[in-house]
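When the count follows this note's numbering, it moves up by one through the sequence shown with no breaks and lands on 278 for the last residue.
Just to be clear, a hint being listed does not mean it is correct.
[What the hints assert, rightly or not] No farther apart than 25 angstroms at their CA atoms in a straight line, the calculated lysine-lysine pairs in the DSS-like style are these:
#, residue 1, residue 2
1, K175, K264
2, K177, K221
3, K264, K233
No wet-lab data here; the hints were simulated from the structure.
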Amino acid sequence: MNTEKVHPTTTKPTTPTSTTTATASTRTSTPTTTNRPKFPPSKSQQYSATRPIFRPQSTTPSKPRSSPRRQHRSCCCKCILCSALVLLILLVLAGVTAAIFYAVYHPQSPTFIVSSLIISHFNLTSTDLTSNFNLTVSTRNKNQKITFYYNPIRVSIFSGGIDIGDGVFPSFVHKAKNSTTLSAVISSDGGSTIAGGDLATLKSEIDNNNGLELKIEMETKAKFNIGKVKTRKFGIRVSCNGIKAAASNGKLTGSVNTTGAKCKGKWKIKIWSRNLFI
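Produce the complete structure using the sequences and hints provided.
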């Protein structure tokens, strides 16, 4: 009797139920195109060909271009500002230099005093005037380190604004801490032109024995010597007031009282073609 051996198979039997289920699930997951509803195209799809592309703009504002006129105005403002700054620096330096100079040398203007005035001749008519004065002036230099170099000094004597005599003091060197006496003859030879009304006014004052108010003016140029440095020449004007010549018997003669005379000097500085007295 032959017996057959039955070997177990390695292949697994297929399950029709699982296959059927997978097929059904696949069919349900993918719908057919025939059953899908149709919708009209959206506006973005209709105008996508002609609609411009949106490009976001930068939020930072762009700088406006300046016109040539504005640039020119800006350059002018810068030039003016720089000039003002340079001028300010120069003024500050000048002020510092002047302060240092004043602290070191302590400069002082020379003083003038009318020592004596003698009328040796004074003749007044209705048409002419002749006079002769002997004038003595003392000047003192109070500075310790400054020497003055004077040009000839022009001297004039006035009465009521009328020039009644002219003269000149000679040039001289005025050393530091020194006093100098100057003498000159101040005269009028009748050659000067004086209005008839002015002559009548002077004659009336003398005839009434009222005397004459006199004013002495001196004007010259001088330079300074500070150590080994010499400056340029500066103008100086000295005015002496408070002098009165007494009249007696309708005449002006003799010595004039000068105790009340006060002299004041001013330096003349030229700035832009203008003379300033300080």
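Is it true that the CA of K175 sits at most 25 angstroms from the CA of K264?
-> This hinted pair holds, its Cα atoms lying about 20 angstroms apart.
Decide if the proposed pair is consistent with the structure: K264 and K233, CA atoms, cutoff 25 angstroms inclusive.
-> holds, 19 angstroms
Under the criterion that the straight-line Cα-Cα distance not exceed 25 angstroms, is the pair K177, K221 satisfied?
-> The hint holds at about 20 angstroms.
Checked against the numbered hints given earlier, the structure satisfies every one of them.
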